[in-house]
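Next come the chains, spelled out residue by residue.
There are 2 protein chains.
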Amino acid sequence: MIERLAIIGVGLIGGSLARALRGAGAVGEIIGCGRSAQNLELACDLGVIDDCSRDPAEAVAGADMVFLAVPLGAVRGVFERIQGQLRADAVMTDGGSVKGSVVADAAAVFGEVPARLVPGHPIAGTEHSGVAASFPELYHNRRVILTPLPQTDAAALARVRAMWETAGAVVTEMDVAHHDHVLAATSHLPHMLAFGLVDLLARRQDNDEIFRYAAGGFRDFTRIASSNPVMWRDICLANADALSDMLARFGEEMTHLAETIRRRDADHLLDIFFRAKTARDSYVDGVSVPKPDSSTPQ
Amino acid sequence: MIERLAIIGVGLIGGSLARALRGAGAVGEIIGCGRSAQNLELACDLGVIDDCSRDPAEAVAGADMVFLAVPLGAVRGVFERIQGQLRADAVMTDGGSVKGSVVADAAAVFGEVPARLVPGHPIAGTEHSGVAASFPELYHNRRVILTPLPQTDAAALARVRAMWETAGAVVTEMDVAHHDHVLAATSHLPHMLAFGLVDLLARRQDNDEIFRYAAGGFRDFTRIASSNPVMWRDICLANADALSDMLARFGEEMTHLAETIRRRDADHLLDIFFRAKTARDSYVDGVSVPKPDSSTPQ
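In order, the protein sequence lines correspond to chains A and B. Position in the first sequence (first residue = 1) + 435 = our numbering. Position in the second sequence (first residue = 1) + 435 = our numbering.
Read the hints as simulated data drawn from the structure, not as lab findings. Incorrect hints may appear among the rest.
Put simply, identical chains are the same to the list, so a pair is met inside one copy or across any two.
Claimed, not checked - SDA-like mimics (lysine to any residue), calculated; alpha carbons at most 25 Å apart, straight line:
(1) K726 - N474
(2) K726 - H616
(3) K726 - R578
(4) K726 - T695
(5) K726 - R699
(6) K726 - D702
(7) K726 - R684
(8) K726 - D486
Produce the complete structure using the sequences and hints provided.
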């Protein structure tokens, strides 16, 4: 049970956690904090939060649990503002899509990463933003990755885990660097491809006609290109090395695929498409993706 | 009204047209043709077709409308088989995703493109294949592009247009080469990116973990990677020049984006993501995508 939960950033992620914990009767009071007075007012009107402040220092006063759900570029500023304002037993966690930058920001502001800060990442979301887009089921059966450090307090870790499980999530733990590498591949790279494709087409003079004849698959494929640009700028900056490596590698793959098509190498094309379909169908069916055999190009 | 409709290839595309026309009472008898006896039997059992043959020559006998819905690589073989077997007044059309190759195949087999052949392309589909995946509403409010040639018979064109409108589609006409260029951008390129991404991840030794942590957006983004590999191999071969050009260009874009991320160019990243989000939101809302201004990189 959380007595007083401070949510810094009451958008899709923060708002959905508040709704889920409230629905489960797992929280006493919820204080919301954000830069937009209008969004905070809406959050109050919707009953997502009980009270609010635009000052993080004020919002965290007396809270036994603090959840940061702000764009990664705003994390350091929040840490600076709440330094020295937390209850001694307060547990802090976050929802950032990159963990290395959160840990580095914490070390820079607090001198070392506090034992009661449990870096975390709920693998959930939609392309919509703001508290109006939040809903209590967002985390049902979705994974939350926690990336504790050697100095992380075991009781704090247990409290954060319990909080997410109450919201319906499946919690796993992972090393900070490994998390950022895995997410570069599964989330950050696909977002770059979707943004990149839509931008490439939007920059054409015939863009209106191009989009008019976009097929049904295009709508699904590009859904993530409607995501929050500021959030994604921050993710790129926070995970720049892992992401730029993946992206450069993908660029080479596409150059290679273009060559394969140009020379009309039918067998090679069929290999790629079959391998991809098999992996994607396995993923959707919830069965293990086949291990690559030794003859598969890495 | 169609007296006798021959559908060569009773899968998602052919089966859905049969169901739509049957539902509208716009067809007398429907003869299905395909290589899989099992699929044809299922099509009969489902009432999608009235009778079937595994021989295209037999299937088209007496038909006043013939619809080819086979992978592009099979089109030429069908043309060869049905040459001289068609009723004098039979109208023929197809559902191939590339029109240049269909026209070239027709010219090669028939000496010139027949006046009663109306090349067409319904911009509709799902990632599923086979008659079991077909449904009568597939074409509702979806675009069908017809690409008549100078020699195309006006009455044949009007019959094909009426057939698709009966199935609920919005029909437009376009030049063959223009169609193939537009579709390379809006459909063929996105499929390559989805196949390419899933294949890249599937080839990693840690692929099982990678897919386990794939986010919700990944499922939508990669849906089209579950498409029929043979169909897509054929599309690549049939539209090789336009598609490989687009893909090479996209590869360069991604290499450039990787560089932008590596040098942490925050403003440039925000520009790209905002432009993409604006275009994608406009597309979904059904409003015109903003024209690129003269300062936008082409």
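Hints and how they fare:
In the homo-oligomer, the alpha carbons of K726 and N474 never lie at most 25 Å apart, since the shortest distance is 47 Å inside one protomer and 31 Å across protomers. Taking the shortest alpha-carbon separations for K726 and H616, only the intra-copy value of 19 Å comes in at or below 25 Å, while the best inter-copy value is 37 Å. Only within a single protomer do K726 and R578 lie at most 25 Å apart by alpha-carbon distance; the minimum there is 23 Å, versus 40 Å between protomers. Taking the closest pair of Cα atoms, K726 and T695 come within 25 Å of each other only inside a single copy of the chain (24 Å); across copies the shortest separation is 33 Å, beyond that limit.
Taking CA atoms no more than 25 Å apart as the test, K726 paired with R699 passes in neither setting, with 28 Å inside one copy and 35 Å between copies. Taking the shortest alpha-carbon separations for K726 and D702, only the intra-copy value of 21 Å comes in at or below 25 Å, while the best inter-copy value is 40 Å. For the homomeric pair K726 and R684, the shortest alpha-carbon distance inside one copy (20 Å) is at most 25 Å, but the shortest distance between copies (31 Å) is not. Taking the shortest Cα distances, K726 and D486 never come within 25 Å of each other, neither inside one copy (51 Å) nor across copies (44 Å).
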